[in-house]
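Based on the provided sequences and hints, a complete structural model is requested.
In the order they appear, the protein sequences are chains A and B.
The numbering of the first sequence is the working numbering, which starts it at 1 and goes up by one.
The numbering of the second sequence is the working numbering, which starts it at 1 and goes up by one.
Just so you know, the hints here were simulated from the structure itself, not pulled from any lab data.
Among these hints, one or two may not hold up.
Stated by the list, open to error - Distance ranges between label pairs, derived from CB positions:
id: 1; chain 1: A; residue 1: Lys147; chain 2: B; residue 2: Gln21; range: 32 to 42 Å
id: 2; chain 1: A; residue 1: Arg54; chain 2: B; residue 2: Gln21; range: 56 to 66 Å
id: 3; chain 1: B; residue 1: Glu42; chain 2: A; residue 2: Lys147; range: 27 to 37 Å
id: 4; chain 1: B; residue 1: Glu42; chain 2: A; residue 2: Gly284; range: 52 to 62 Å
id: 5; chain 1: A; residue 1: Asp336; chain 2: B; residue 2: Gln21; range: 29 to 39 Å
id: 6; chain 1: A; residue 1: Ala334; chain 2: B; residue 2: Arg52; range: 52 to 62 Å
id: 7; chain 1: A; residue 1: Arg160; chain 2: B; residue 2: Gln21; range: 15 to 25 Å
id: 8; chain 1: B; residue 1: Glu42; chain 2: A; residue 2: Asp336; range: 41 to 51 Å
As the list claims (entries may be wrong) - Once the Cα atoms are required to be at most 25 Å apart in a straight line, the calculated DMTMM-like pairs of lysine to aspartate or glutamate come out as:
id: 9; chain 1: A; residue 1: Lys501; chain 2: A; residue 2: Asp412
id: 10; chain 1: A; residue 1: Lys88; chain 2: B; residue 2: Glu54
id: 11; chain 1: A; residue 1: Lys88; chain 2: B; residue 2: Glu42
Virtual Cβ for every residue (Gly too), placed ideally from N, Cα, C.
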Amino acid sequence: MVEKPRTPDEEPPRQTSGIGAESAPAPDATLGETISLGASPAAGGGIVETEGNRARAAEEALRAAERRFKSTVERVADGILVVDQQGKIRFTNPAGARIFGRPADELLESELGIPLVSGETTQVDLNTPVGTRVAELRIADTVWDEKDALLLSVRDVTDRREAEERERTLLREQLARMQAEEAAERARVLADASRILAASTDQDTIICELARLLAARVADHCLIDVSADPGSGRYRKVVAARSRDGSVDIVVRAESSTPAPAPLSTLGRRLYESRATERVHGPGTRWMRDASRGPEDEEVWRALAPAAVVVASLATSAGPLGILAVAASAPPGALDERDERLVADLAHRTSLALENARLLRFAEEASRAKSDFLAIISHELRTPLTGITGYASLLREEVERPLTEREGRYVDGVLRCADRLLAVIDQILLFARSSSGRDEIHYGRMSLAELVGGVADVVRPLALEAGLELILRPPERRLQVTTDAAMVRHILLHLLTNAIKFTERGSVTLEADVRADDVLLRVSDTGRGIPSEKLGRIFEPFSQAEAPYTRSVGGVGIGLNLVETLVRRLGGELDVDSEPGLGSTFTVRLPLEARGEADPGALDGRSGRVSGTGSAGSPPKKRS
Amino acid sequence: MNPQELIRLRLYVAGDSPRAQHAIRSLSRLDATTLAGRYALEVVDVLEQPERAETDHVLATPTLLRVSPAPTRRILGDLGDLERLLDALGAPQSDQPVD
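Here is the structure:
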């Protein structure tokens with residue numbers, strides 16, 4: 001007898017221990033029905049049926065049914081095997097032999113084993129002569145030679161599994177690629193954020209730019225709510241929201257309302273204390289209240305209606321500043337733990353940048369206070385000094401009575417000292433004013449030749465006194481320039497007195513020239529020069545090249561810094577070039593605002609006249 | 001079956017396939033049964049030792065061979081049904097020893 005094969009689509013009852021085929025109605029009942037159906041057409045036909053005829057017809061029908069069955073079992077693609085209770089294979093169809101990769105007669109009587117399956121099907125590896133194949137196994141109870149046996153349906157799923165595996169690999173690769181792209185994007189966001197943080201020292205600029213970046217690239221919205229100045233009661237709230245077309249709108253609200261809202265929200269306090277970040281999906285009313293410093297904040301949160309939020313604390317060493325939050329309007333999962341790490345990292349960096357901004361502000365304020373102090377002190381010193389000079393002048397002019405020769409020398413000494421003191425005080429005053437950015441530039445038109453000539457006249461006696469030659473090389477042609485004459489005069493006076501101060505023998509040269517769009521004013525000397533390692537520092541206030549100089553020459557050391565400040569305010573540049581032992585050259589390059597009389601041809605012709613320490617052609621070592 | 005007798009089991013698997021892992025996991029559950037400490041298991045990878053699979057005439061894996069006590073028994077499949085596994089191994093299913 002041949003069992004009707006189960007197709008894998010049928011649901012065979014889960015095999016239970018000890019229940020034979022007889023008690024399981026499905027296979028045999030179906031089989032019987034099929035046979036009787038197959039037999040019925042042959043039983044008709046209007047023939048007068050005798051007992052023998054009927055038996056023959058029944059036998060005929062049975063054989064026909066068997067043939068149909070045999071053909072079905074032989075042609076079906078699934079392997080059909082019967083295994084007895086010892087695990088021996090008692091039957092296989094050709095597909096079974098093919099799937100096992102062995103001839104049917106080898107399979108018959110080989111021991112396959114008692115199939116034990118926990119579910120409806122299981123997968124096994126077939127150990128075929130051509131390699132391992134994967135097969136799906138279904139088991140049903142049956143009867144073979146009147147004994148309980150097992151019916152196995154075997155399907156080769158190697159190709160299907162390989163296809164599935166390929167698909168899985170493909171999916172994994174796609175996922176990995178997506179993750180790599182996301183990671184790269186995060187790295188880019190971090191780099192862009194770092195640029196923003198490094199580019200500015202202004203708190204408002206930092207938080208606005210950062211909010212814009214985060215709303216555009218990380219989530220849909222960004223909210224930064226910080227104290228403008230800890231303890232001041234002033235707040236800045238920036239809300240950046242991305243619209244559907246991808247553009248980002250920014251709303252900045254400055255708050256110093258009375259009564260002041262709570263300095264820190266419940267959430268802000270919690271995050272500051274825990275130094276952690278918080279990621280919430282579908283934040284509710286209660287969370288929004290916790291994240292708000294007042295009713296206005298709650299309105300903002302309600303308007304954003306975020307599906308997911310990541311919040312981090314912003315703080316400096318002085319204490320909590322506020323919060324940085326990004327919000328996504330897409331469904332949960334839009335912000336994952338990687339976004340949370342990114343926000344935590346950004347909050348940390350932003351905190352540092354805001355701390356720096358704060359420190360810089362303090363430093364600037366302190367510096368301004370110092371300048372103010374210097375200005376006041378200088379002024380206070382100047383007033384009595386004017387008195388000293390005035391009274392000494394009265395004596396010198398012998399208003400009361402003629403002075404003896406010795407008295408005259410003494411009074412001259414007083415006047416000289418007073419003048420020197422006045423010069424120093426003026427310098428300090430000018431420095432204080434220019435570094436606090438208070439004095440204004442008064443532009444005027446004047447002749448360049450007259451300007452440098454006047455300065456040379458002032459310092460010539462000083463040079464002579466020091467035993468130095470003062471060489472003046474005025475511009476060859478008359479040239480009108482527009483600039484602040486007082487500032488230029490001060491710049492040149494300082495550079496010249498400086499040159500005289502640091503030159504023991506030789507000469508000091510003042511040269512005025514025009515190059516393209518610039519006026520070049522050059523002061524060179526044959527002095528001791530400046531060591532190259534000090535060149536970078538000579539423009540710092542209160543610094544002189546070397547300590548010994550400070551003792552051997554006068555001055556307060558703010559001169560070069562002041563000169564540089566003045567040159568820069570006039571829109572120019574100051575270069576210094578120096579060879580220790582040979583001398584120094586200071587070059588002031590000022591923009592030529594009036595070039596009416598300048599003749600380019602004549603200028604080119606003059607360029608050969610440039611002289612000095614021989615360093616004119618070499619690149620400047622310091623460019624301010 | 002003598003409860004004192006050691007049951008020698010040999011599991012044939014093909015490489016490190018999920019089928020093999022499943023079978024090994026299933027067998028580890030024997031340690032929570034009456035067979036705990038009464039069996040010795042040897043795992044044979046037919047990909048590494050095809051000649052042993054040939055000797056034992058293993059047609060498919062995972063196949064669990066009860067080497068002793070005689071007669072040898074062969075069980076095929078994921079071995080996930082613990083009750084039937086114990087039954088097939090001839091082991092008592094309860095704490096009551098069977099003769």
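Exercise for the section: List in ascending order the numbers of the hints, as given earlier, that are violated by the structure. Expected result: Structure breaks no hint.
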